[in-house]
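Fit chain F to the known structure of chain U by using the hints.
2 protein chains.
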Amino acid sequence: MPEITFFPANIAVDARPGESLPVVAQRCGVKLSMPCGGQGTCTKCRIKIVEGQLESKSIGGMEILGRPGDIVLACQSRTSASDVKLSLLDLPDQEKGSFEDDGATQAVTKFAEDISDLSTLIQSTRVTVPPPELEDGLCDEDRLIEELRQKLSHDAICLSLPALQKLAQQVRADKGRIECIYIAGFNRAKVLDVNAANALPRPLGLALDLGTTSIAVQLADLTNGEVLASSADYNGQIANGLDVISRINYARHDGAAAELQSNVIASINQLIDHCLQKTADDSSSIYAASISGNTTMIHLLLGLDPEYIRLEPYTPTAFAPDGIRSGQLGLNLHSEAVLHFAPAVGSYVGGDITSGLLTTELISTIDDVSLFIDIGTNGELVIGNCDFLISCACSAGPAFEGGGISCGMRASEGAIDYVEIDPITGGCAYRTIGEAAPKGICGSGMISLLSNLLMHGLIDARGKFVQNRPCDSVTVDGRKAAYILVHDDTITLTITEHDIENVLRAKAAIYAAITLICTNIGITLNDIARVYIAGGFGKHLDFHQAIILGLLPDLPVERFSYIGNASLAGSRLALLSGNYRQTQKEIAAKMTYIDLSSDPSYMDNYTGALFLPHTDIGLFPTVAKTLKRTGGRS
Amino acid sequence: MPEITFFPANIAVDARPGESLPVVAQRCGVKLSMPCGGQGTCTKCRIKIVEGQLESKSIGGMEILGRPGDIVLACQSRTSASDVKLSLLDLPDQEKGSFEDDGATQAVTKFAEDISDLSTLIQSTRVTVPPPELEDGLCDEDRLIEELRQKLSHDAICLSLPALQKLAQQVRADKGRIECIYIAGFNRAKVLDVNAANALPRPLGLALDLGTTSIAVQLADLTNGEVLASSADYNGQIANGLDVISRINYARHDGAAAELQSNVIASINQLIDHCLQKTADDSSSIYAASISGNTTMIHLLLGLDPEYIRLEPYTPTAFAPDGIRSGQLGLNLHSEAVLHFAPAVGSYVGGDITSGLLTTELISTIDDVSLFIDIGTNGELVIGNCDFLISCACSAGPAFEGGGISCGMRASEGAIDYVEIDPITGGCAYRTIGEAAPKGICGSGMISLLSNLLMHGLIDARGKFVQNRPCDSVTVDGRKAAYILVHDDTITLTITEHDIENVLRAKAAIYAAITLICTNIGITLNDIARVYIAGGFGKHLDFHQAIILGLLPDLPVERFSYIGNASLAGSRLALLSGNYRQTQKEIAAKMTYIDLSSDPSYMDNYTGALFLPHTDIGLFPTVAKTLKRTGGRS
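For the protein sequence lines, the chains are U and F, in the order given. When we follow numbering that gives the first Met the number 0, the leftmost residue of the first sequence carries the number 0, and every step to the right adds one. When we follow numbering that gives the first Met the number 0, the leftmost residue of the second sequence carries the number 0, and every step to the right adds one.
Here chain U stands alone, though its shape is the one from the complex:
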């Protein structure tokens, strides 16, 4: 068996000849960076062969036998019969964030802040179990169930294994007085946990937004709905692909589905741990989790095969998985914790959308039509009112969450979230989240920066730096120009034309989707009475700047509402309220999905929107006025 040694970690492992290198790396715990999902396109997994030979494809796709000194892509390489020593050239440098409460957990839930019915995913009741008697011949379980049967209106009552394991001690600890945490269905109840009444932990619940790029959680007290702690970070699957298609492609490798599952579970558990550190509670008192995510993310979390999400006719395994216990996944909750998955509508409109809509008044609007836009790595749009709901999706990429931007980052502490450019010098002033030293730039910062650059004539309509507008903040290296955002002793942050292209592609995908969905239902952009914008750009999205960029349509700014991480806020509503869970079910049942990718005019709309703000400036009358005044878009 050939032995493969990975440097710089110096980890050696035996492999079969012909084994895929990512599989070998995974087996011995070596992390490769593969944002493209192992498709050979991102070139982030380059390795240098130090000793021995590897069967590989060249970057051009030709079969080669890699020899010492050759640089090849790990994802395109297989072991040969020989021992190999190789060196990773691009170490995964996943930014860990500050783990602090940040933009990703912020949600403006003024539309749905009041939860009139606190009816969480679990219930609790207190009973006094009579002491054991030799004569009655009853076991502890018999006596408890008899009490519960008298108190609850359920005939079929059973106990979970963890509850049985604690029962003997708990029922004797406070003269038979215990509190039971249970879930109830039609004529049935299952007791998840039992605690002596004199030592009750407070029951907790987790709200979770599971995004392609970011994950955000909130820990809530189930007795009053209060949020005790929040936390957010990148999804640990980022190394396995930046968007859902890359992840689905990656999942086809041997063992990759298990790797993706364990990566996301590790990310979630880390966020839970972080919340528990703040509140000093125990994970075993988290009895419920309400999870919202796009369909692919939920499939990867549960270990379901995502392949048919990608292939026509785009059919996922499940929309609203039910009856799964936390212990089956290894989540750091009570092992019997109830998992509520927000129902998905289609392969590309997931539970994050049915959750997000819960935080808006869209579904109760009577005469007008409203638009909901969730700008994540996948952009999803819903248009409608109390009578109808139409949804569609587009692939925006992770640019607004900091992905694919050379100095991009999530909207967490130290992220530049607002920029002002001096019209004379072209230099910039900026604001950071938490007023910390700048570490990078987040989505709202990019929107602010690009609209400023455009307004002040530093970039043109194609997003290229204007060569005849000399400015100290723009550096040109050969044919590559870049804008220097920060440059001091400790850090230099620059934005390149390549970064700008990534933002343009993201905003074009969303704008094209907005125009097409309106066309589909036969209305003009101006007919939209209200636009709800969800997403994790940062706390302060400047609508005017987003319109200048051509991300949002040129409507009066008072029609826009930024609702932050609506998926997370909706998860919390579903965690806490049976009414909201019912509404969510109705939303999913009512919603129609249209497939934009099969619409022949999508490409035209997209191409037009790749400009700043658009090839057809007539669509952006107020922007045209602004640019005229400031001298932009020459």
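Some clues are possibly wrong.
Which copy is meant is left open, so a pair is good if it fits within one copy or across any two.
[Unchecked claim] With a cut-off of at most 25 Å between alpha-carbon atoms, the simulated SDA-like pairs for lysine to any residue come out as follows:
| no. | residue 1 | residue 2 |
| --- | --- | --- |
| 1 | K174 | L310 |
| 2 | K584 | L147 |
| 3 | K624 | N467 |
| 4 | K174 | R309 |
| 5 | K189 | Q269 |
| 6 | K43 | R468 |
| 7 | K589 | R529 |
| 8 | K479 | E360 |
| 9 | K43 | G17 |
| 10 | K30 | D69 |
FYI, nobody ran anything at the bench for these hints, they're computed from the structure. The model shown is predicted, which means the values in this text are computed figures rather than measured ones.
What follows is chain F alone, placed relative to chain U:
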């Protein structure tokens, strides 16, 4: 932190000062032999201190500081502040058996061999799921559930996580034709697994007898009930105590409950693996297990606290645990496999008895009264007929399963199971199971040997060797006499007076229980119309010899039936038949338990029965005649 090093394994581990040595040993995987459950009475965990000091109790119970050279009991020792090197003097020598089909899986089930209704713990159905369509917006799960709803009469149908994980592939592998394995309740069904119709594994079920000393399993084909393979071995918990009370005591140590649980699960998994090796099936096709065991064994398997089984009023946590999935325990079955636990009646009358009774006609006897005796480490008795069932229990110890006998072993290949002694020379001829070379002696062999020794005057009524009956086969070493059973180049097997005492205690416990239960219901021994004897002594129990020993009452031998491992046979009936599961439930509901230990006359009965056959020879008239003829019991 002091470092503790165990020899001969040379395993070192850090410990806190004052930590219990068994806990330290367990943490680093060093196995200590503690048949007494860490009570300090069996002295099987002796260690010699090589370097350093240990806080310990002397065998007399005095607190000492053990120094190099001292021999102390591990179970009575705690770490001090110093590093310690120590050497185990008694290595656990748990006999592994031959793993072959043997006495422990034999059951004479002529009383209940025919299973008229094959209604196993799981059900299966075949459906054709229509192909995915873009238009209908249904996921795979939706389409499957719709088909099942039409076919089955259940409204609430859900899929297990493992079934969801396989669904996408299986539903596409054979044009939508799949077989679903499911369990059904009132208006509900849960799909455990899905398989494409063109590649179906045969569904299997496991019958399991979980004894204190031995574990036996049978693997059955659920499509026809056929037994495909059997296997039996010792319970891996033996090192943690020989009887239920020792195990309960052991379970009180830190981490001991988890250790006991993992030991028994490892034993069960090994037996399952052994069966699967014979049949070449996969563990994931075992969808159901029917488990019968005494109440303590079931508690330890499930990780339930056994403490209150031991303490008045002897109240277990649960009698008939329900809804536990295999995956929660780590059993080597399909992770969603249904576990059926035979219902227990009390702390000392468990599911092994309600299973065992299924194989007899006791509960359908009309006028007469029958007796069921299960002779295991705990002896359980049931007396009754179709109108009443009374049960009691006694602690026989493991002597009849080979435990506590210097050359004792389970009734497996190489065990001497029958002995004949030459009246003239006192030498013996023997028969072994499988006609293999002798390795030891099993329960039926001991019964045969002792009745022969008594008949031929080699031992007296107290079980002591008769000094004035010189015989080449009896050796005397100081005050210790022993009978040489086998002595050749390869092996010497002897039976000591101490071994005989253990058998006497076992048989006295059972005989005392038989007489007391009759007294309790106001009948004489002679009123018992039929006696069913269950247990794993060996295939051929000689009733006449068991009567000479005073284990069984002196009744005509045609009233006795040896039914072998009835608990295992009953497990299989419950695995395969809903009628039998219903009968079992009724047996449990109907049975009354009486506590012999609180009966003041138990001790008198027990003491009388410690003799061969009894102090009151009038109770054994036919034995008296035999002994007169053969010259025994001088």
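- Give the relationship of K174 and R309 under a CA distance limit of 25 Å: within one copy only, between copies only, both, or neither. Intra 58 Å, inter 20 Å, cutoff 25 Å: inter-copy only.
- Message: As a check of your reading, is K589 near R529 (CA-CA no more than 25 Å) within one copy, between copies, both or neither?
- Response: For K589 and R529, the Cα distance is within 25 Å only inside one copy (20 Å; across copies 70 Å).
- Message: Treating 25 Å as the Cα threshold, decide for K189 and Q269: within, between, both or neither.
- Response: For K189 and Q269, neither the intra-copy (29 Å) nor the inter-copy (33 Å) Cα distance is at most 25 Å.
- Checking K30 and D69: alpha-carbon separation at most 25 Å within a copy, between copies, both or neither? within (21 Å within a copy, 52 Å between copies)
- Pop the pair K624 and N467 into one bin, within, between, both or neither, using alpha-carbon distances up to 25 Å. within (23 Å within a copy, 127 Å between copies)
- Query: Using 25 Å as the alpha-carbon threshold, which applies to K43 and R468: within, between, both, or neither?
  - Reply: Close neither inside one copy (35 Å) nor across copies (91 Å); limit 25 Å.
- Query: Using 25 Å as the alpha-carbon threshold, which applies to K584 and L147: within, between, both, or neither?
  - Reply: Between copies only: 22 Å across, 30 Å inside.
- With identical chains treated as interchangeable, where does the CA-CA distance between K479 and E360 reach 25 Å or less: within a copy, between copies, both, or neither? neither (46 Å within a copy, 93 Å between copies)
- Item | Homo-oligomer pair classification [L310, K174; C-alpha up to 25 Å] | Between copies only: 17 Å across, 60 Å inside.
- Task: Evaluate K43 and G17 at a C-alpha cut-off of 25 Å and name the case that applies: within, between, both or neither.
- Result: For K43 and G17, only the intra-copy Cα distance (22 Å) is at most 25 Å; the inter-copy one is 53 Å.
Of the numbered hints stated above, those contradicted by the structure are hints 5, 6, 8, listed in ascending order.
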